[in-house]
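Asker: Please work from the sequences and hints to get the whole structure.
In order, the protein sequence lines correspond to chains Z and U. The working numbering puts the first residue of the first sequence at 201, with every later residue one more than the last. The working numbering puts the first residue of the second sequence at 1236, with every later residue one more than the last.
The list that follows gives simulated cross-link-like pairs (lysine-lysine, DSS-like), each with its CA atoms no further than 25 Å apart:
(1) K1276(U) - K249(Z)
(2) K1249(U) - K1301(U)
(3) K299(Z) - K1255(U)
(4) K1276(U) - K1301(U)
(5) K1299(U) - K299(Z)
(6) K260(Z) - K277(Z)
(7) K1290(U) - K299(Z)
(8) K299(Z) - K1301(U)
(9) K277(Z) - K1276(U)
(10) K299(Z) - K1276(U)
(11) K1255(U) - K1290(U)
(12) K256(Z) - K299(Z)
Quick caveat, the hints were computed from the structure, so don't treat them as lab data.
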Amino acid sequence: GDSVTQMEGPVTLSEEAFLTINCTYTATGYPSLFWYVQYPGEGLQLLLKATKADDKGSNKGFEATYRKETTSFHLEKGSVQVSDSAVYFCALRGTSYGKLTFGQGTILTVHP
Amino acid sequence: GAVVSQHPSWVICKSGTSVKIECRSLDFQATTMFWYRQFPKQSLMLMATSNEGSKATYEQGVEKDKFLINHASLTLSTLTVTSAHPEDSSFYICSAWRPTSGGDEQFFGPGTRLTVL
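Answerer: Following this line, the structure appears as structure tokens:
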């Protein structure tokens, strides 16, 4: 079945540091890929998505490129801020609309 | 984006009692609602899919008689944990989904923390 593997956390960075959170997936066919962010006390929010190979999703300075050859969708940001501290989830959606398979989540803490 | 609320945000109950969790989409009509369960430091696991006016579809390994789902309207779905036991303690998250002209959109609730004593 479908599965998503994220890098182990937590990740702790200083403000303005470069961020990478690795995500790889296993799926049949051509899934859509997502990054969600969860701030404390809030629901998951869609951060970015890509629906086909070589697509790049971007939002709020975050980027991720759908790499079919390496089955990866790594999240990157060039300069993190304290306000980026949250839990980040990589997810895929296969053939069933709305049904998401999530990675285990990565806690990011950014210090001033 | 749209707002999805859950009530209560946390609940503590005694073993053997039943607990109802509500999920409401506040400003759009959700064709489908999903219920997820999240264990500490683990991923969200899909429990069931519910469509308004029809029976929920449960994922393999999820007891449908234990986790009763009712989707009474396009804005409300409820999850009832029946005869709760300590192993049911978890974080329950719902999401509301609908198709759009450009594809689809999905919004998540903030979650409900259930602790069974």
